[in-house]
Every structure is written in structure tokens, then in C-alpha cells.
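Visitor: Letter by letter, the chains look like this.
2 protein chains.
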Amino acid sequence: MQDSADIGMAAAVGPCASIPADHMDFIRQVLDRVGDKWSMLIIAVLEGGPTRYTDLQRQIPGISQRMLTHTLRQLTEDGLITRTAYAEVPPRVEYALAPLGGGLNEIVKQLIGWAADHHDEIRANRSRTGTAASSSRS
Amino acid sequence: MQDSADIGMAAAVGPCASIPADHMDFIRQVLDRVGDKWSMLIIAVLEGGPTRYTDLQRQIPGISQRMLTHTLRQLTEDGLITRTAYAEVPPRVEYALAPLGGGLNEIVKQLIGWAADHHDEIRANRSRTGTAASSSRS
DNA sequence: CGGTATCCATTACGATACTG
DNA sequence: CAGTATCGTAATGGATACCG
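Protein chains in written order, with full-length UniProt numbering: chain A, 1 to 138; chain B, 1 to 138.
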């Protein structure tokens, strides 16, 4: 670290590296949809095949009907998943991954894999710094 | 609530895929940290090399000091990024990707690539369904 | 420069109750 | 079964002002 301290130039390392600013917008769009509390979880569960409403609710502990319905609708509107209602009694509705969501699922799987691989490491760091877990929504 | 009468075996999915439920917890932990409004963006920017506070602020349009500081601290506490303060005048602080964050960055890059690739498709779907409730923040 | 502190609006989310 | 409606709370996130 004996490098000369040319503060001005040093910071300008990103001639083209960083994000093109015009990308910022839709990156945020996608992150906003996918990065919410439940979307990725739903997508991950849907990987197991078409699933119906109540099964989703059972497989995702802690989700409320409100959020399940809401997130499901968002994902459907974005074309990430499909909704199929069978006009029978009792009513049956199945949700499945659309092709678009299937592609995203690959990435979600990796993220989940990463999470599984490093969550204890993160927790260790978090407790070392004495982080008050601010993400405690009960 | 016992589902004595199974309406259809077909719905009894879970071939093998769905999430092991014990994973659910830390998946949410990670998603909660990474899935917020700015974390991934910061990580993505940091890929371009060590960056200091004000540069981060300039490269991420729309972020407020409050959120930049807050998110930076969260990421630092989780060990995803490092913070280096140089005791000189004027004060200089540089943030950089930690090894842990570097691994995550690979996934973030893929997510950004996916977003770049499909955002117009998503937008098309979204308008087709007449989605009103969009993320109109900021 | 690199933050912190305070105030404030919006919103996400959960609980509960009700419907087709 | 698969939602919808309404409410209250808590978290998110921005603006502004101040500090080391």
C-alpha cells in the first residue's frame, strides 16, 4: 500500500467497468420485483413442478395469504409464472414456472446455493461486529 | 387439518425438488440482506475496484446518504465488503469487495445480465396485463 | 470528506374477517 | 379451495441539517 496517493485519478478506475447508468434503471426494476420478501422463494418452490395455492402456502412457512396472493399476481403479470385455474369443484388453481421464470430460476438456485454455503460465515461476521439484527420482522 | 380426501395425486408434487424447509430460514436471511433496494447495486459497482464513499454516491444515481451509509454498514458487518479508512486529511474511506462478497458478485452479475436480457420482455408482459401497481418509488 | 441525527412519507407486511 | 377486503404496525427510504 505504498502507492502514491493521487486521489483524483485513483478513484477513476472505472472507465467502463462500473454499471452503464442506463442499465441502472431496469436493474432496479428487476431487483425490485425479484428482491422482495417472497418472490425468489416462490420461484424456487415452483421448480418442483406445478403447485397449487394451498401447497405453496404450506411449503413456504410464514407467508400470509395476502403476500402469497400479491406476490403470485406480480410474478404472473411479469410473465415469470403461469396461473391455471381449473373450473371444477372444488376449485383448483395451479401455478407453474413460465419459460421466463425458468431462466431466472437458474440464477435463484445459484443464489440459494451460495446462501446455503455461506450463511454461517455471514452469521459469524454479523455477530463478531455485534450487529443488532435489524432484519427482525416477526 | 388433514387432507383425507386427496383430490388429485397429480397435485402431490414434491418430486424431490422443493426446498428442505430448514433451508428456508437462511435463504430468507440472505435474500433479506441482498434483496434490498441497494445492496446488489453497490456490490456490482464495487466490482470495478475499491471505491470511496462519494464515488459510490455518484455512480449510484438516486441513492441518499442515509441509505448509502446504512447499506454499506450492513454489507460490511456481513463481511461482504471491506471498509478502509485512511487517517489523513482530507479523510478518505474506500470500500472494496471482500472475498465473500466476490463470490456473491458472480451471481449478482448473472442476475444483472438476466435483467438486461429480459427486462423488455417483462415490461411487455407487465403492460399487457395492464399492471397498475408498479414500483413507483422515487 | 465521510459521515450522523432527525423528521417524515410511503409502503410492505401480517392478522383477521369475509366471499365465490 | 382460492382468494378478497380492511386495518394497524413496523420497516423502508428520502430530505435536510449538522458534525468530526
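FYI, nobody ran anything at the bench for these hints, they're computed from the structure.
Glycine included, each C-beta is placed from N, C-alpha and C at the ideal position.
Just to be clear, a hint being listed does not mean it is correct.
[As the list claims (entries may be wrong)] Partial selection, computed: residues in chain B whose CB lies under 8 angstroms from chain A: (1) 24; (2) 45; (3) 79; (4) 111; (5) 126.
[What the hints assert, rightly or not] For lysine to aspartate or glutamate, the following EDC-like pairs were computed, each having C-alpha atoms within a straight-line distance of at most 20 angstroms: (6) A:37 x B:47; (7) A:37 x A:47; (8) B:37 x A:32; (9) B:109 x B:32; (10) B:109 x A:36; (11) A:109 x B:32; (12) B:109 x A:88; (13) B:109 x A:25; (14) B:37 x A:25; (15) A:109 x B:55; (16) B:109 x B:88; (17) A:37 x B:55; (18) A:37 x A:88; (19) A:109 x B:25; (20) B:109 x B:47; (21) A:109 x B:106; (22) A:37 x B:117; (23) B:109 x A:55; (24) A:37 x B:120; (25) A:109 x A:36; (26) B:109 x B:36; (27) A:109 x A:32; (28) B:37 x A:47; (29) A:37 x B:25; (30) A:37 x A:22; (31) B:37 x B:22; (32) B:109 x A:22; (33) A:109 x A:25; (34) B:37 x A:22; (35) A:109 x B:117; (36) B:109 x A:106; (37) B:37 x B:106.
Visitor: Each hint needs a verdict: does it hold in this structure or not?
Guide: Evaluation of the provided hints:
Using the Cβ-Cβ criterion of 8 angstroms, the hint placing residue 24 (chain B) at the interface with chain A is satisfied: the shortest such distance is roughly 6 angstroms. Interface hint at residue 45 (chain B): satisfied, since its Cβ lies 5 angstroms from the closest Cβ of chain A, which is below the 8 angstroms cut-off. Satisfaction of the interface hint for residue 79 (chain B) is found here, the shortest Cβ-Cβ separation to chain A being roughly 3 angstroms, below the 8 angstroms cut-off. Taking 8 angstroms as the C-beta contact cut-off toward chain A, the hint placing residue 111 (chain B) at the interface holds, the least distance being around 5 angstroms.
Against a cut-off of 8 angstroms between C-beta atoms, the interface hint on residue 126 (chain B) holds, since the closest Cβ of chain A lies about 6 angstroms away. For a cut-off of 20 angstroms, the pair hint linking residue 37 (chain A) to residue 47 (chain B) is broken: about 25 angstroms separates their Cα positions. Taking the CA atoms of residue 37 (chain A) and residue 47 (chain A), the gap is near 18 angstroms; set against the 20 angstroms cutoff, the hint holds. This hinted pair checks out: residue 37 (chain B) and residue 32 (chain A) have alpha carbons roughly 7 angstroms apart, not beyond 20 angstroms.
Taking the CA atoms of residue 109 (chain B) and residue 32 (chain B), the gap is near 18 angstroms; set against the 20 angstroms cutoff, the hint holds. Taken as a hint, the residue 109 (chain B) and residue 36 (chain A) pair is honoured in the structure, with Cα atoms around 18 angstroms apart against an allowance of 20 angstroms. Only pairs whose Cα atoms come within 20 angstroms are accepted, and residue 109 (chain A) paired with residue 32 (chain B) is accepted, the gap being roughly 16 angstroms. Proximity of residue 109 (chain B) to residue 88 (chain A) is assessed by CA-CA distance (about 44 angstroms); at most 20 angstroms being required, the pair is judged violated.
Pair hint residue 109 (chain B) plus residue 25 (chain A) holds up; C-alpha atoms about 15 angstroms apart against a cutoff of 20 angstroms. Under the criterion of a C-alpha separation no larger than 20 angstroms, the hint pairing residue 37 (chain B) with residue 25 (chain A) is consistent with the structure, at around 12 angstroms. For the hint pairing residue 109 (chain A) with residue 55 (chain B), the CA-to-CA distance comes to about 32 angstroms; that exceeds 20 angstroms, so the pair is violated. With a C-alpha separation of about 34 angstroms, the suggested pair residue 109 (chain B) and residue 88 (chain B) falls outside the 20 angstroms cut-off, and the hint is violated.
Distance hint between residue 37 (chain A) and residue 55 (chain B) is unfulfilled; the C-alpha atoms sit about 30 angstroms from each other, more than 20 angstroms. For the suggested pair residue 37 (chain A) and residue 88 (chain A), the alpha carbons sit about 32 angstroms apart, so the restraint of at most 20 angstroms is broken. Between residue 109 (chain A) and residue 25 (chain B), the direct Cα distance comes to roughly 15 angstroms. Compliance with the 20 angstroms bound is thereby established for this hinted pair. Taken as a hint, the residue 109 (chain B) and residue 47 (chain B) pair is honoured in the structure, with Cα atoms around 9 angstroms apart against an allowance of 20 angstroms.
Proximity of residue 109 (chain A) to residue 106 (chain B) is assessed by CA-CA distance (about 13 angstroms); at most 20 angstroms being required, the pair is judged to hold. Simply put, residue 37 (chain A) and residue 117 (chain B) have alpha-carbon atoms about 23 angstroms apart, too far for the 20 angstroms limit, and the pair is violated. Between residue 109 (chain B) and residue 55 (chain A) the alpha-carbon distance is near 32 angstroms, which puts this suggested pair outside the 20 angstroms criterion. A hinted pair counts as satisfied when its Cα atoms are at most 20 angstroms apart, and residue 37 (chain A) with residue 120 (chain B) does not qualify at roughly 23 angstroms.
For the hint linking residue 109 (chain A) to residue 36 (chain A), the alpha-carbon distance of about 16 angstroms falls within 20 angstroms, and the restraint holds. About 16 angstroms separates the Cα atoms of residue 109 (chain B) and residue 36 (chain B), which keeps this hinted pair within 20 angstroms; it holds. In summary, the hint linking residue 109 (chain A) to residue 32 (chain A) is supported, as the alpha carbons are separated by about 18 angstroms, within the 20 angstroms threshold. A threshold of 20 angstroms between alpha carbons decides the hint, and for residue 37 (chain B) with residue 47 (chain A) the separation of about 26 angstroms lies outside it, so the pair is violated.
Only pairs whose Cα atoms come within 20 angstroms are accepted, and residue 37 (chain A) paired with residue 25 (chain B) is accepted, the gap being roughly 12 angstroms. In summary, the hint linking residue 37 (chain A) to residue 22 (chain A) is not supported, as the alpha carbons are separated by about 26 angstroms, beyond the 20 angstroms threshold. Simply put, residue 37 (chain B) and residue 22 (chain B) have alpha-carbon atoms about 26 angstroms apart, too far for the 20 angstroms limit, and the pair is violated. Simply put, residue 109 (chain B) and residue 22 (chain A) have alpha-carbon atoms about 16 angstroms apart, close enough for the 20 angstroms limit, and the pair holds.
With a C-alpha separation of about 24 angstroms, the suggested pair residue 109 (chain A) and residue 25 (chain A) falls outside the 20 angstroms cut-off, and the hint is violated. For the hint linking residue 37 (chain B) to residue 22 (chain A), the alpha-carbon distance of about 17 angstroms falls within 20 angstroms, and the restraint holds. Of the pairs offered as hints, the one joining residue 109 (chain A) and residue 117 (chain B) holds, with about 18 angstroms between alpha carbons and a cut-off of 20 angstroms not exceeded. For the proposed pair residue 109 (chain B) and residue 106 (chain A), the alpha carbon gap of about 13 angstroms is at most 20 angstroms, so the pair holds.
The hinted pair formed by residue 37 (chain B) and residue 106 (chain B) meets the criterion: a straight-line CA distance of about 19 angstroms does not exceed 20 angstroms.
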